[in-house]
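Novice: At position 104 of the sequence shown (counting the first as 1) the number is 557 in my numbering, and the numbers step up by one without a gap.
Honestly, I wouldn't trust all of these hints.
[Claimed, not checked] In the DSS-like style, the derived pairs of lysine-lysine whose C-alpha atoms are separated by at most 30 Å in a straight line are:
id, residue 1, residue 2
1, K561, K486
2, K486, K622
3, K535, K503
4, K622, K535
5, K619, K535
In short, the hints are calculated from the structure, not lab data.
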Amino acid sequence: MSTQTLVWLFIVVFVLHDLEEIIWVEAWIKKNKSHVIHAVPKRFKKPLNKMFNITSGQFAFAVLLEFIVFIPFTYIAAEHEKFFVFLSINSLFLLHVFTHLGQSLYLKMYTPGVISAVICVLPYTLYMFYRVLSEELVSWSEVLLSIPVGLLVVPIVLLGHELGRKLVK
């Protein structure tokens with residue numbers, strides 16, 4: 454597979470992962486809200502209560518915003534071999550796998566997104582990083598620097614969820 458194809462595959466993996474979350478989040482919250490609230494430490498209860506009022510449509514709105522932001526950076530990486538922001542997004546995507554795993558292990562149950570995180574996101578991101586490093590398209594220092602820069606995506610995610618709550622009923 455060409456590097457260009459591998460980079461564009463990010464969009465497919467992103468959509469597959471987020472579709473799992475969109476499909477299951479609302480029903481899962483309704484079914485498991487009280488269990489989760491009782492299982493988490495007190496300091497997490499208030500933010501969780503706010504998150505637990507989200508609908509699948511509101512979640513999908515946040516995903517759409519991320520998708521719109523990710524497309525141009527994927528294009529720049531695939532078509533112009535400028536990888537830094539793409540690496541940053543994928544650094545966060547890789548770390549996101551471990552939030553899903555951590556949630557499922559902590560709660561001892563399925564949480565929306567964990568299956569696609571393990572089956573799709575983890576292998577994709579590891580292979581993508583392996584390829585761009587082995588082909589010397591990026592350096593280890595760029596990968597390491599991309600990790601904290603990837604955290605800049607978090608406000609976009611939070612904004613998407615806030616806009617979703619306000620705009621989608």
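Novice: Please list, smallest to largest, the hint numbers that this structure does not respect.
Specialist: Numbers 3, 4 and 5 - these are the hints that the structure violates, sorted from lowest upward.
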